[in-house]
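Chains A and B, in that order, are what the protein sequence lines are. Each position in the first sequence, counted from 1, maps to that position plus 206 in my numbering. Each position in the second sequence, counted from 1, maps to that position plus 7 in my numbering.
Bear in mind the hints are in silico, worked out from the structure with no lab data behind them. Bear in mind that the values here come from a model prediction, so they are computed numbers and not experimental data. Mixed in with the good hints, there may be bad ones.
[Stated by the list, open to error] In the BS3-like style, the derived pairs of lysine-lysine whose C-alpha atoms are separated by at most 30 Å in a straight line are: (1) A/255 <-> A/267; (2) B/61 <-> B/51; (3) B/22 <-> B/85; (4) A/255 <-> B/61; (5) B/48 <-> A/267; (6) B/48 <-> B/107; (7) B/107 <-> A/267; (8) B/58 <-> B/107; (9) A/255 <-> B/58; (10) B/61 <-> B/48; (11) A/255 <-> B/107; (12) B/85 <-> B/58; (13) B/51 <-> B/107; (14) A/274 <-> B/107; (15) B/61 <-> B/85; (16) B/85 <-> B/48; (17) B/51 <-> A/274; (18) B/85 <-> B/107; (19) B/61 <-> B/22; (20) B/48 <-> A/274; (21) A/255 <-> B/51; (22) A/255 <-> A/274; (23) B/107 <-> B/61; (24) A/255 <-> B/48; (25) A/267 <-> B/51.
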Amino acid sequence: AQSVTQPDIHITVSEGASLELRCNYSYGATPYLFWYVQSPGQGLQLLLKYFSGDTLVQGIKGFEAEFKRSQSSFNLRKPSVHWSDAAEYFCAVGANTGTASKLTFGTGTRLQVTL
Amino acid sequence: EAGVTQFPSHSVIEKGQTVTLRCDPISGHDNLYWYRRVMGKEIKFLLHFVKESKQDESGMPNNRFLAERTGGTYSTLKVQPAELEDSGVYFCASSQHYFKAFFGQGTRLTVV
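Same shape as in the complex, but just chain B (with noise of 0.2 Å):
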């Protein structure tokens, strides 16, 4: 069975610029999570994706930043336009279950 994938693993982008990154969770999950890790801090909550639609984001910094899943599949997040402090690492989970989520390798994302 095919884990959760995030795509690209690294992107380095510059300030004021774009950058969506992608999730695809494992088949069947409803559920969808995003969490971002600044560096040297603890990992947090940004949005939960139940199927398509958005249950709880409450995490979400700031309306730079969009969350999406289209069809209740993959899923993306675009950050426009990045800033400084959005450089960390952005992790994917996906459960079909309450608490046995599974997690991708995160995308590191820094902007310079």
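Only chain A is shown next, with the shape it has when bound in the complex (with noise of 0.2 Å):
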């Protein structure tokens, strides 16, 4: 069964300061990794996904993240936090059984962002 490990629950950087977030994923496949960001009274927000190729990813609002399966990891980056970013973190891997695909998600990260 594939799970997915969020280490730091909580972290705090200072706007402008770069970021990343870290996520490690078990999966006996080649995995669909996903972040989703949940800012205060919103729902869960699709920042990026990976399915396959590039190894490095693009998503909306600045972020990127990079597979790197040799570490089983798929942190997430920014290189310029801005306040706005202040929001709950949740990084997801992809089950697709061929009739369905639901997502295993971690505990989540929340960001605080010190102005």
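Reassemble the complex: the two chains are provided individually, in unrelated frames, and hints are given to aid placement.
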């Protein structure tokens, strides 16, 4: 069975600083990987996804993530954080069984941005 | 285009009562999913509808939970009777294609 680990429960960064959120996954085949963000009062919004091909994927809001098979990681990065990035971030792996496409999520990382 | 709509946004009920959560997916989306996040834990899959049929309900915790999807449109998730451990945020998502799911804002359920 697949699993996702987000080792950092809470991270605080200063506005303008760089950001890296860690994600490690366990999955028997080539994974489908995702990062979602949940801002206060909002639903989960897809930031980016990796299915195949280039291991560096670009997403919305200036985020990117790099798939590293050897490390079973899919870390999320942003070069310069804005105060509006304060939210909770979820990494997920998708299991495509052919008839279903359910996601397995990590426990989330809450990002606080200081001014 | 309207997104996925869930209501209520919050619900507080007493242990033993019944609660029904509703999800209106994006029009035309055949796939509808329910997920749940218990406080401090990961978001967990509950079940998946394709149109009105349950495709996968492997994540449903027990038989106190009943999900329906009327005519392949909106879906309801009923908890009867509710227990304290059912508290959490219930998310609904819909998609037309694999892994292009759009999530609602969630329903926060508190059982006291």
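If you draw a straight line from the CA of residue 255 of chain A to the CA of residue 48 of chain B, is it 30 Å or shorter? Answer holds: residue 255 of chain A to residue 48 of chain B is near 22 Å, not above 30 Å.
Taken at face value, is the distance from the CA of residue 267 of chain A to the CA of residue 107 of chain B at most 30 Å? Distance ~18 Å between residue 107 of chain B and residue 267 of chain A Cα, so the pair holds.
Is the straight-line distance between the alpha-carbon of residue 61 of chain B and that of residue 22 of chain B 30 Å or less? Answer holds: residue 61 of chain B to residue 22 of chain B is near 28 Å, not above 30 Å.
Keeping to a limit of 30 Å between CA atoms, is the pair of residue 51 of chain B and residue 107 of chain B held or broken? With Cα atoms ~17 Å apart, residue 51 of chain B and residue 107 of chain B stay inside 30 Å; holds.
Tell me if the straight-line CA distance from residue 85 of chain B to residue 58 of chain B falls inside 30 Å. OK: residue 85 of chain B and residue 58 of chain B at ~18 Å, within 30 Å.
So if I understand the rule, the pair passes when the alpha-carbon distance is 30 Å or less; does residue 85 of chain B with residue 48 of chain B pass? Between residue 85 of chain B and residue 48 of chain B the Cα gap is close to 22 Å, so the pair holds against 30 Å.
Are residue 274 of chain A and residue 107 of chain B close enough, with their CA atoms no more than 30 Å apart? Roughly 22 Å between the alpha carbons, so the hint for residue 274 of chain A and residue 107 of chain B holds.
Residue 61 of chain B paired with residue 51 of chain B [C-alpha distance capped at 30 Å]: holds, 17 Å
Does the structure keep residue 85 of chain B and residue 107 of chain B at a Cα separation of 30 Å or less? It holds: about 26 Å lies between the C-alpha atoms, which stays within 30 Å.
When you check the alpha-carbon spacing of residue 255 of chain A and residue 61 of chain B, does it fall within 30 Å? holds, 26 Å
Proposed proximity, residue 107 of chain B with residue 255 of chain A (alpha carbon, max 30 Å): Satisfied, since the Cα-Cα distance of roughly 9 Å is no more than 30 Å.
Need the status of pair residue 255 of chain A, residue 51 of chain B: alpha-carbon distance at most 30 Å? Holds. Residue 255 of chain A to residue 51 of chain B sits at ~19 Å (cutoff 30 Å).
Checked against the numbered hints listed earlier, the structure breaks none of them; every hint is satisfied.
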